[in-house]
Amino acid sequence: MGSEDRIEREITIAAPVERVWAVLTEPEHVGKWFGQGTPARIDLRPGGVMRLDHAQYGKFPTRIEKVDPPHYFAYRWASAYPGQQATEDNSTLVEFTLTPDGDGTRLYLVESGFATLVIPEETRATASYESHSGGWTDVLAHVREHAERLTT
Amino acid sequence: MTGDGPAEEVLTALADPTRRRILDLLAARGEATATLLAAELPVTRQGVVKHLAALDRAGLVAGQRRGREVRYRVRPERLSSTARWMEQVAAQWDARLSAIKRIAEGDA
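Chains as they are written, first to last, in our numbering: chain X, 3 to 154; chain U, 10 to 117.
For the record, the hints were derived by calculation from the structure and aren't laboratory data. All clues stand as given, with none of them false.
Which residues of chain X face chain U? A few of them, derived with a C-beta cut under 7 Å, are: (1) ILE13; (2) ALA16; (3) ALA17; (4) ARG21; (5) VAL22; (6) HIS31; (7) LYS34; (8) VAL141; (9) LEU142; (10) HIS144.
Calculated Cβ distances over 10 Å to all of chain X for the following chain U residues: (11) ALA41; (12) THR42; (13) THR44; (14) LEU45; (15) THR53; (16) LYS59; (17) ARG66; (18) ALA71; (19) GLY72.
So, partial list: chain U residues that the calculated Cβ filter (under 8 Å) puts toward chain X: (20) LEU23; (21) LEU32; (22) LEU106; (23) ILE109; (24) GLU114.
Computed from a predicted structure; not experimentally measured. We treat Cβ as the ideally placed atom computed from N, Cα and C, and that holds for glycine.
The shape of chain X in the complex, shown without the other chains (with noise of 0.2 Å):
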């Protein structure tokens, strides 16, 4: 997959990893980071659910698929789909680790899998489906390439 597959940020904030890991999954703390919802709903264990409210988009009912307190959190989210469950194949992974650094702490965030945010049932099945195609990210990559080739 291509770089565009992923986002990538890290910060330094200045707080203990365990004030960011609460800040990341007590509902009345993600409620004010994530739009302007009210707090969130969250079954904080891998298989529970997170229920982001992003006042303005919707509701995004996420599922956490690992908890490491306080050095990682990971969910899945279909940011594209307000209203629906995320699963493996509408959804995207976002990822936080939490390390200390001094007396604050590294907050490094991925959100992956944007190529393949949607697989179609009859593509699924196929084994050459991974090793054939890159994701639409990729297609996106190549047009915009061209595109821009076509104007300069």
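Given the structure of chain X, go ahead and fit chain U onto it with the hints provided.
Just chain U, lined up with the frame of chain X:
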């Protein structure tokens, strides 16, 4: 993160590997007929016509009749808006991470 995002029909159209290949070929060639595309793909001409119809419905290609054949080209607008959506997704994370930082540091 949705809002101006790619319509579900765009994502669904892009989900199929053959349709992505068709878009790639059209982007590389500028334009092509279903017959020409079928010659380069492991799909019948009839199959290519179906895929082109799906891409057309999603607003990703446009066909123009020239005599007995229809020549297709990519319509970049919907693809560009999908690319912009990806950029927005990244920008929204910047905003969220700033908010997380503010809350954790006790300023919010």
